Amino acid sequence: MSTRYFEDIKIGDAIEYGSKTLTKDEIIAFAKKYDPQPFHIDEEAAKETIYGGIIASGWHTAAVTMRMMVDNMIDTKASLGSPGINNLRWHKPVFPGDTLRVRSEITDKKRSKSRPTMGTTFGKLEVFNQHDEVVMSFDSIGMMLARNTED
Amino acid sequence: MTMRYFEDFKVGDTEEFGNYKTSQEDIIEFATEFDPQPFHIDPDAAKEHFFGGIIASGWHTGSMLMRMIVDNQVLASSSMGSPGIDELRWIQPVRPSEILNAQSEVLSSTPHKYKDDRGFVKFKHTILNQNREIKMTMISTILFGKRPAAEVSQ
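If you read the sequences in order, they're chains A and B.
The working numbering puts the first residue of the first sequence at 1, with every later residue one more than the last.
The working numbering puts the first residue of the second sequence at 1, with every later residue one more than the last.
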């Protein structure tokens with residue numbers, strides 16, 4: 001894959017990628033370390049909740065989303081990382097056996113005025129399950145190297 | 001720990017907790033599974049990088065904050081989960097062998113519009129290291145159940 005720089009990113013560009021199935025063991029292992037609430041780690045306790053069973057930590061969903069982004073979208077030669085994200089929403093629970101994929105659309109881009117060798121891209125990122133339901137979404141911000149110092 | 005309900009989180013309330021120790025092993029383990037970029041997983045490659053050494057995935061830093069919040073604010077509470085995060089900012093990278101604390105401030109408290117038994121609390125959480133350097137900030141909401149009537153009358 002040839003390196004994609006700031007100039008190569010177009011507003012309206014949309015791609016879908018990834019296919020990650022979360023197992024019960026993975027969900028429990030992640031949550032024991034980072035989010036040990038009963039409905040993430042304890043099957044018996046989870047049965048009594050409105051979800052009726054174990055669900056993934058929202059941070060686990062975000063982490064596997066990052067993995068799909070790294071494998072499919074982020075070009076480590078041109079990427080300069082991210083200052084953060086906005087408006088993350090966990091719309092629906094993720095259950096063991098659910099298969100997730102990502103849809104990412106570029107909504108805006110701005111070349112840096114102070115450092116024109118780089119620019120910032122803004123995106124809308126959605127994570128779907130196998131029933132085409134959105135389980136999580138957020139607004140992404142990415143900093144990237146530019147090929148040239150002007151458009 | 002005393003059980004906390006929606007009413008127990010008042011606008012302006014602050015607290016600090018955590019004492020979360022980071023390690024190169026944990027940072028590499030998380031990133032190998034979820035964020036395998038060279039500056040998160042390869043100590044040699046990371047030296048050549050802008051940051052000059054291994055740094056934690058931003059999602060790992062967020063997950064560490066979640067652990068601090070769960071241990072100190074969520075488990076002994078009537079939490080019913082979180083609809084999401086309004087704003088997450090990675091200010092400075094987290095490195096191995098740091099000790100992280102979380103500062104919590106209540107920004108707003110809003111009863112649920114339709115369900116009388118619960119309400120939303122908006123927090124700003126700030127991660128600081130042992131030198132009081134700010135690593136990450138997060139503005140997010142947690143839904144808490146209100147104190148049951150039986151306890152109110154006690």
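One or more of the hints may lead you astray.
[Unchecked claim] Quick list of in silico lysine-lysine cross-link-like pairs, PhoX-like style, CA-CA up to 20 Å: (1) Lys146(B) <-> Lys21(B); (2) Lys47(B) <-> Lys77(A); (3) Lys113(A) <-> Lys10(A); (4) Lys92(A) <-> Lys113(A); (5) Lys32(A) <-> Lys21(B); (6) Lys33(A) <-> Lys21(B); (7) Lys10(A) <-> Lys109(A); (8) Lys92(A) <-> Lys109(A); (9) Lys47(B) <-> Lys10(B).
[To be verified] Here are a few chain B residues that sit away from chain A, every Cβ distance over 12 Å (derived from the structure): (10) Gly53; (11) Ser140; (12) Arg147.
Please keep in mind that the hints were generated in silico from the structure rather than gathered at the bench.
The structure displayed is predicted, hence computed values, not measured ones.
Every residue gets a Cβ at the ideal spot worked out from N, C-alpha and C, and that includes glycine.
Quiz item: Which earlier hints can't be squared with this structure?
Solution: Those not satisfied are hints 1, 4, 8, 9 and 11.
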